[in-house]
Structure formats: structure tokens, C-alpha cells
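*Asks:* Once you have looked at the hints, place chain R on chain H.
Protein chains: 2
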Amino acid sequence: MARPTKQFPERGDARTRLLEAARDTIRRQGFAASSVEDFCREAGVTKGAFFHQFGSKEALGVAAADYWAETTTAFFAAAPYHAPKDPLERILAYLDFRAGIIEGEIAEFTCLVGTMAQEVYGSSPAIRDACAASIFGHAKTLVPDIQAAMEARGIADAWTAESLAQHFQAVLQGAFILAKAGNDPAYVKESIAHLRRYVELLFSIPNKGKRK
Amino acid sequence: MARPTKQFPERGDARTRLLEAARDTIRRQGFAASSVEDFCREAGVTKGAFFHQFGSKEALGVAAADYWAETTTAFFAAAPYHAPKDPLERILAYLDFRAGIIEGEIAEFTCLVGTMAQEVYGSSPAIRDACAASIFGHAKTLVPDIQAAMEARGIADAWTAESLAQHFQAVLQGAFILAKAGNDPAYVKESIAHLRRYVELLFSIPNKGKRK
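Quick note, the sequences are listed as chains H and R, same order. Once you know that position 37 of the first sequence is 37 in our numbering, the rest is easy, because the numbers rise by one and skip nothing. Once you know that position 177 of the second sequence is 177 in our numbering, the rest is easy, because the numbers rise by one and skip nothing.
Bear in mind the hints are in silico, worked out from the structure with no lab data behind them. Check each hint, because a few of them may be wrong.
Chain copies aren't distinguished; within one or between two, either way the pair holds.
Claimed, not checked - Taking lysine to aspartate or glutamate pairs in the EDC-like style, the calculated list, with each CA pair at most 20 Å apart, reads:
hint: 1; residue 1: K189; residue 2: E162
hint: 2; residue 1: K140; residue 2: D184
hint: 3; residue 1: K189; residue 2: D157
hint: 4; residue 1: K57; residue 2: D24
hint: 5; residue 1: K85; residue 2: E200
hint: 6; residue 1: K47; residue 2: E58
Just chain H, same shape as in the assembly (with noise of 0.2 Å):
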């Protein structure tokens, strides 16, 4: 069951390998339920070539979340809704574009670090952080928007750019989880476009707007 890796053949090395099959086997079954059987089998290396390269199963499961960083990072930095001018349309455009990626099986439009964070928050703390890191620091990317855009409307309110980008993630890590318990993608683009509607409203009252 040997299979190239799909995404960078030109970096089709054993560690490369194994953190691919890493990322699509967790995302498919979960992190507790692979073993280093599976992720040998998916990249087509041996066990000592693991061993080699890893150490351990969860010294893999960090590198992954650091490579699922490192990859989502450059991936949303060339996507084009950093395009337009308007930081509040690149925000929307950001929303969009979350939206837009939103298809095919399950397993390739849901998030391999949120899933590994539901599963070791409790038994690794090398894994939880490296999860966090990458959830976290893609959070960051979006808060220099979401701040040029309060200050150009002058919105001062209870909440942060922080916690917007934050709950921007938290949004679709669970409509990941609705989509996978109802086994329809379609629960996340509604989520995302009740996000996207929230983004509207909370940019179109004016400074001081309603507030609890």
C-alpha cells in the first residue's frame, strides 16, 4: 500500500514521507488509533526507518504539527485574500477563501492539529503545544487586519483583534467536528458564513456600538 506523497513529490524523502502519511492518517482515524505500523505502511518506509528519522510515535506527532504549521503557513500566505485594500475585505476575503477550500472528503478540509489536540491534551504536552503553536500562530496572522480595521471604523470595544482571530478558530475547528458527526461538509460553510455575518455586523455599528 506503498503510495507517493501527493503534495511535494520533489521532497519525497523518508521523513517527508512519514510526516505526509502522518498528517493524512491522523486526519482519516485519529492520532491514538494509527501506529507506526500505519504511518510505515502509508509512506512506504521501514520501521527502522522510522525509528531513524523519529525516535518515537510522539516525537512524530510533534513533527507533524510543526510540519502541518510550517505547510498551512505557506499556504495561507500565498492565498489571495490578502489581495485587496480594505483590511476589513481581506478579512471577509480570509472567511471566503475558509469557505472555498471546504470540499472534497472529510479527512482533506479538517484541521490534523486540532484533531491531535482534542486527543493528547491530557497525555502530551509536547504534542498539545505543538498543536497550539500552529492554531495559535495562524490566529496571529490574521490579527494585523482585523486591527487595521477597527482602527480605520474606530472600534474600541470589550473585545480584542486576539480573541476575534482566536474565535475565528475556534468556529471552525467545531464546525469540523459537526461536519464530521453529521458527515456533511455543509455544517462548516453554514458556520463560516455565520462567522462572516458576525464580522459584518460587529464592522458596521459605530464606535461603541450595542454592547451587553
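*Replies:* Frame of chain H; chain R shown alone:
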């Protein structure tokens, strides 16, 4: 390590003890990482008793999701957020209630069925469907209040009461993941605050308010 049942001492039979042991163990460490031995040790019952009651680990997973649905349905039905006369106030009281029960250890306030759905959506349709029944069943309990609030304010927008109720669950599930990744329950309260603000804004706009 046998432990008495915590919440329903009057129901301390082997089956209930196993269901509560599964609930507590899976919330702490996930479904795949939990063994039948773990459940038996936590419940203080023999493996013979386990297999007599459930037959398989997967059957226990389904029963645990059903038990979760049953106990949380009773818990939320008895909660005080149903008291306000105005349906919008009941919706906001629901969110305040959800924020108010975020305390203690992460395993004590996070969601059994969200965790299980995340892990087994691809490997166990039976558990996945039992998790879906719990998540979407709970969402359905909010629909009449949302519908009544929409009608009271003449709101007939692109969103439906059902989709907003499901979005509530997405926000909660995703906020649990951020709390696990960041090892801080504050992420849940922050996301619920954003969700509450969204509801306030949604229902403060006139009929056919600002939409994309």
C-alpha cells in the same frame, strides 16, 4: 482504583458505573487511547462484567454517547435559562449558562460526544451517529426559542433557527479544542462572549437587516 459513581449514587449498578467510567476516561484521554481495561479499572468491575453488559468496546462507545445524550438532556431541561418570558432572553440566558458551567478541569466541562465524533467519524459509523444524535438533538432544543425570537422581531433572513442552533454547538465544540490546545478554559468563555455578541447584533437589526 475503583471509584464510586459521582453523580448518580442510586444508579450504581455495573452498567451505569461502566458508562460513567467511559464518560470520564474518554473525556480525559480520548476513545482510542482508552482500553476496556481502563474502563473496568475506573468502574471497579471485571472484564467479564464489561463484555456481559456491552459485548464490545464499540458498543460501549454507542451506549456512552446515548447515556451522554440522556443525562445532558435532563441536565439542560432542568437548567434555569428557560425561565425568562422573552425568547431572546432565554437564548442569551442559555449562552450565559453555558459560560457559567465552564469551570474546573478541562475534562470536566468538555464534550464527550464531540471528542468521540472527532476520533471515530471514519472508523465507526455507529458511534458517529450516536454522537450526532446527541449534538444535533441538543441543538434542536434551542430551535423553538430562536424561532420565537425571530418571529417576535420580524426577522426572516438567510439564516434559519436550526442553522443558528447548530452554529452555537460548533462554537462550543471548537472553543473546547482551543481550551485543550491552549490549556486554558478562558478560550471557551471568550468564544461564548463573541457568540453572545453575534446574537445581540442579529436580533437588534430590523427585518431584512444588513446582509451581504
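*Asks:* Each hint: holds or not?
*Replies:* Results for each hint:
Taking the shortest alpha-carbon separations for K189 and E162, only the inter-copy value of 14 Å comes in at or below 20 Å, while the best intra-copy value is 23 Å. Only between protomers do K140 and D184 lie at most 20 Å apart by alpha-carbon distance; the minimum there is 17 Å, versus 29 Å within a single protomer. For the homomeric pair K189 and D157, the shortest alpha-carbon distance between copies (17 Å) is at most 20 Å, but the shortest distance inside one copy (28 Å) is not. For the identical chains of this complex, K57 and D24 are intra-copy neighbours only, at 15 Å inside a copy versus 25 Å across copies, given an alpha-carbon limit of 20 Å.
Proximity of K85 and E200 under a CA criterion of 20 Å is satisfied intra-copy only: 17 Å inside one chain copy versus 30 Å between copies. In this homomeric assembly, K47 and E58 come within 20 Å of each other (Cα to Cα) only inside a single copy, at 15 Å, whereas the closest approach across copies is 29 Å.
Of the hints listed earlier, there is not a single one the structure fails to meet.
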